[in-house]
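Asker: Letter by letter, the chains look like this.
Protein chains: 2
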Amino acid sequence: MKSKKAIGKQTIGFGLRPVIIASASVVGPDEGKGPLAEYFDLIIKDKLYGEETWEKAESKFLKEVFNATMAKAKLAEDDLDLILSGDLLNQSIAATFGLRGADVPFLGLFGACSTICESMCIGGMLISGEMVNHVACITSSHFCSAERQFRTPLELGTQRVPSAQWTVTGGGGIMLGNQGQGPEIDCVTIGKICDYGVKDPANMGAAMAPAAAETISQHFKDTGRSYDYYDMVLTGDLGYVGRELCNELLEKVDIKLGERYNDCGILIFDVQGQDMHSGGSGCGCAASVFSGMIMDHFNKGKVQNILLVGTGALFSPTSAMQGESIPAIAHAVSITTKYSC
Amino acid sequence: MKSKKAIGKQTIGFGLRPVIIASASVVGPDEGKGPLAEYFDLIIKDKLYGEETWEKAESKFLKEVFNATMAKAKLAEDDLDLILSGDLLNQSIAATFGLRGADVPFLGLFGACSTICESMCIGGMLISGEMVNHVACITSSHFCSAERQFRTPLELGTQRVPSAQWTVTGGGGIMLGNQGQGPEIDCVTIGKICDYGVKDPANMGAAMAPAAAETISQHFKDTGRSYDYYDMVLTGDLGYVGRELCNELLEKVDIKLGERYNDCGILIFDVQGQDMHSGGSGCGCAASVFSGMIMDHFNKGKVQNILLVGTGALFSPTSAMQGESIPAIAHAVSITTKYSC
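Quick note, the sequences are listed as chains P and Z, same order. Residue numbers for the first sequence follow my numbering, so the first one is 14 and each next one is one higher. Residue numbers for the second sequence follow my numbering, so the first one is 14 and each next one is one higher.
Incorrect hints may have been included.
Given that identical chains are not distinguished, each listed pair holds provided it fits within a single copy or across any two copies.
[What the hints assert, rightly or not] Only pairs whose alpha carbons sit at most 30 Å apart, straight line, appear in this in silico DSS-like list of lysine-lysine:
#1 Lys212 to Lys73
#2 Lys22 to Lys73
#3 Lys87 to Lys265
Note that these hints are calculated values from the structure, not bench results. Given the structure is predicted, the values throughout are model-derived calculations rather than measurements.
Chain P on its own, in the form it takes in the complex (with noise of 0.2 Å):
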């Protein structure tokens, strides 16, 4: 089997293609009172998750979601050739103390909120050129980790502004194989880092929509298919302000998705009901969202062909207070259930 067939500078075409064989999610309290909570495997009730830090309860569900992921794969450690994980915390915590137990080979990625897709472009290469034959990709965030740690400390109840998204508190896990029942993936586009010069760290939509429109109109570009392949293209969390930004930019280059265009930050809340600003945000975002939901649309045949774009704003508290833009990076995945095209 052809193990590559590139098509364009950015995207990587899988001839031998990583199948989807399990995915597993698992959502804080608010998410679990999202519309989307009959698709999550676990909804914690409480932040803190019978921790007494929200790193500690961060590491502790990401684990979860990473025992959940390879129950559901019907894998052994043994098994496993690799995990792909990262999140959102300095030096990524909640990953290496969530996954410090398990005897499997490690890779840390960073790539922000864009890191779920980081790791699925990254192990479906490995498991297209038949480097490896399991990967388990697993990401997290926490509101409340996150919101301390990138904004104010949560007890100054400092109010947010409308263009501002709240980071999920949640996590998802991808198992990547080389054979198995599942959706496959086609391939992948790689994106650039993209700075536009946002300087606003309450609106990181408005910095990271340039960076998902050159990687969706690249991926275009590259693949030569039309706008409407795909049943739905599901930017990461770009929230409301991004997803029309991100509009606005497509459509300059003629791309016009229209109602197949929807956002994980937008999905994973009742925005408005829920009083979430602009719409979720963080690592746990797509990949809960894609974990959960997309998943049971592929599994049930609504969906045949998702291009799910992680975005990431690729900043810190330090480059922001020394006055620095916010570069921002988005990755694309193609998923589909189509197997003969």
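The hints should help you fit chain Z onto chain P, whose structure is shown.
Answerer: What follows is chain Z alone, placed relative to chain P:
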């Protein structure tokens, strides 16, 4: 050409071997006064490197590393398929800000001081699996930006304990290609997270030594190589304290490397003369020592087989303040100029 030879649970052998077609290094003033000065491409005289902050200085010299690696590889950005990069700073801002101007697909990694080896593992597998043709592996660290982030503001002049290591100000770049002239990567051993319960952030050598010993031991088990196969087994940056502990752990499983075993954190400084306590550390340590001295030794035929073992401490100040121990990881890359073996 066969793209894979699996040679053990954690070790992946390459049929199509990635070639190190170029490397470059940039270091700061202390490293420039050390014993390896002659091997570095650029020694900067001022730790701020003309910038207003240490973080901006680090981004600036990481970019210089990238530019120098590209120039020495005689590659244009259009010929480069992928950048793999990371550093020690929160949210990897040295890498993302340093490389935001590069018009090249980018994937961010976090493996603390093991990042250069992590990038060579991933880049090597992607090339060997024929997914990409050219990958730039770029990492950096900066004493001042790391010290204030992980320990105390430099202005406090806090006294350092003898087991403390000195974060290297510098970076290294390695260009991997699917063909060309240079040493080749013939296999990689990907590490597992390893936590022996060490809690002292001023003794990272002790925290990382078990991970190094486990990966080295697994590498010899997987490959069946004799302990004198390598001219040098070179750990990333354990320093004196960690090297001694690693040697002890290896001797317990009857691996005696003797003079063949050395450490980048010991090589980069005249540790006693420069008062560097246990030795150097940081993402830039193994990266600059390998890119500089080791690549020079390969090119001059002084060495033929090297095992580079990048070691990383996967903790954060938050995890340390919450009373956690320090998990660590080590990834090994086997590099050879014995093309026929």
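Asker: A separate judgement is required for each hint: does it hold in the structure or not?
Answerer: The hints, checked one at a time:
no.	hint	result
1	Lys212 to Lys73	between (33 Å within a copy, 20 Å between copies)
2	Lys22 to Lys73	between (39 Å within a copy, 27 Å between copies)
3	Lys87 to Lys265	neither (46 Å within a copy, 36 Å between copies)
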